[in-house]
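Q: In order, the protein sequence lines correspond to chains A and B. Counting from 1, one number per residue, gives the positions in the first sequence under the numbering used here. Counting from 1, one number per residue, gives the positions in the second sequence under the numbering used here.
Everything labelled a hint here was simulated from the structure, so no lab data went into it. Worth double-checking, as some hints may not be accurate.
[Stated by the list, open to error] For lysine-lysine, the following DSSO-like pairs were computed, each having C-alpha atoms within a straight-line distance of at most 27 angstroms: (1) K80/B - K241/A; (2) K146/B - K119/A; (3) K241/A - K146/B; (4) K110/A - K80/B; (5) K286/A - K80/B; (6) K146/B - K154/A; (7) K192/B - K80/B.
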Amino acid sequence: MMKAVSVAFDMVTPYGWGTDSCWEGLLSGTSAIRRIERFSTSLMQTDNAATVPDLKPNRDESLVMQMLSPLLKKIAPGIPSDTFVILATTTGEIEFLQRSIINGEHEAIKSRPDHLLNKIMFLSGTCGGGMIVSAACVSSSAAVLRAASMIRNKEHDSILVVACDSVSEFVTAGFSSLMALDRHMAKPFDKNRCGLSLGEAAGFMLLMSEERAVREKRDSLGEIAGWGLTNDANHITGPSKDGSSLSNAVLNAMKSAGISEKEIGCISAHGTGTIYNDSMEMKAIKKIFGNNPVPLYSVKGGTGHTMGAAGLLEIIIGFETLNKKIVPPTVNLRDTDREAEGWVSSEQQSFESPVTLSTNSGFGGVNSALILKKAETIL
Amino acid sequence: MIAVTGIGWLTRKEYGCLFSKINEPHEGFDTLYSYFKDKSYFSCPVKNFSRFDTISKMTCFSAALALKDAGVSYSADQKKDIGIFGANEAGCLESNLNYFQDYIESGRILARGNLFIYTLPSIPLAEASIHFGLCGPLLHLFFNEKRIPSLLSFAGESITGGETPSILAVSAEETDAICFVIKQEDDTSSGKNTGLQNVIAAAGDTYIFDEMINAFKGIV
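Here chain A stands alone, though its shape is the one from the complex:
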């Protein structure tokens, strides 16, 4: 069976440029959620979101392209031209649509993600084709699992996954209308959690078949070893109450990786900070792990919920946890919810297993689970 390995990744998050800044920010236990300054929030549910410093909202270049351009220009020389590109985003260059309606400055059609895909393929210098995967907040974890599946099925041996989303008035007003936002900062798995904080990020991961990575003498940074994707078929905005669909995704992922739950050393949960999501996740996880707690964390108290980019960001942090053998703290956790006691911590923890689990859930009831393996266990 062909293995799918990551040979390069990088990202920009509200903590700043580069994977290291995000990793160090999370370990510091401080949040990157700050006051929104790019549009008026006076009538929104919150004034706060996790925004990337120094982005310029009114440029001709969209916010997501301001994040992606430097990342892709840096990596482009190392990307084979026959690489297939998968873009994951929920709103992409949505400010073009906003500006078309507010002041007629742009054509709304320029906000379509296929325009963004073409820019990404041009910037990355690829001509191997491309596609867009959209599944709400599961978009980029679904993109990574599709890439791994295509490599395992020998459809492609080099795939670039690119993920991005920005904090916009469009999205913030929408989440405000759903009353889904915490007025201050998201507190995943906390007893007093009351909503999510929006965030923005962009990143990429270059995946190759193990065979091609070895042939091209590329270092492997980790393996996407197994995956599962399911749907609640229950409610458009609310998760299923019992977590059965997410637990099925985890079971499918473990089967796909050929491992048991005993091999999983820690869990990167979706952990949005909404009452229902976090409760559903704990129920799903307990269906698999029973009463044997495994260190579990959410990054979203620090990075905010970066929507279509969340899955990729969390997979990259998942590889960091494996390579550094450290489980990051759950930022903003003060008073652990009873359901999560013994599982989450506001302190960093060490662990030894070379295997970790990363889960995401999104509107429409979509759930993803990925099994990540440490690099040196495969090459």
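For chain A, the structure is supplied; the task is to place chain B on it using the hints.
A: Here is chain B on its own, set in the frame of chain A:
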């Protein structure tokens, strides 16, 4: 082999089920829901159908026809391990415009959640999954070439890869929609199916809906 066991489609004027040789005119999308209920294409009421955006309605209509064509009964309470993949030309651009225009016209005071949720292109698939009880993988996809053949190939590869035993593959636009029931089929002797590769070949390179339907009629 991977087989297509049902194909449902509709345009502004007609709808059809390819294997069942149904090809009927209708009086317009506004009355189609009642008409489909009377004809038992929907075996139970679709909750909140009136608030669906157009693409969600088209997705549900075409999925009901395709499942009927494949002889698959359903119930929202009896979930099935069937996935749903969708691909269309404009994604959710129209819903994005409707939502944000409404928000701006209301003085940027409060957005409407019922419009906001349709600003995700995967939501029409989610509406269908809730009604038909589909709990397999759900993805909205955009391919930069050969949309329907690419969607069908992608669905077939997911089944071959063992990710799900069956998938509804939907391409729904504001004016027309088509849905395919795709599954691993051991017995191909019944005649009420055709190989996925035949359907992919028939779809060819055309984006003209009527031409595509005629090409499919030629192979079932």
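Q: Taking the hints in turn, state whether each one holds.
A: For each hint, the structure was consulted:
1. K80/B - K241/A: 18 angstroms, holds
2. K146/B - K119/A: Between K146/B and K119/A the Cα gap is close to 20 angstroms, so the pair holds against 27 angstroms.
3. K241/A - K146/B: Judged against 27 angstroms, a Cα distance of about 39 angstroms means the pair is violated.
4. K110/A - K80/B: Violated, at about 38 angstroms.
5. K286/A - K80/B: Status holds; Cα separation ~23 angstroms.
6. K146/B - K154/A: Satisfied, since the Cα-Cα distance of roughly 21 angstroms is no more than 27 angstroms.
7. K192/B - K80/B: 21 angstroms, holds
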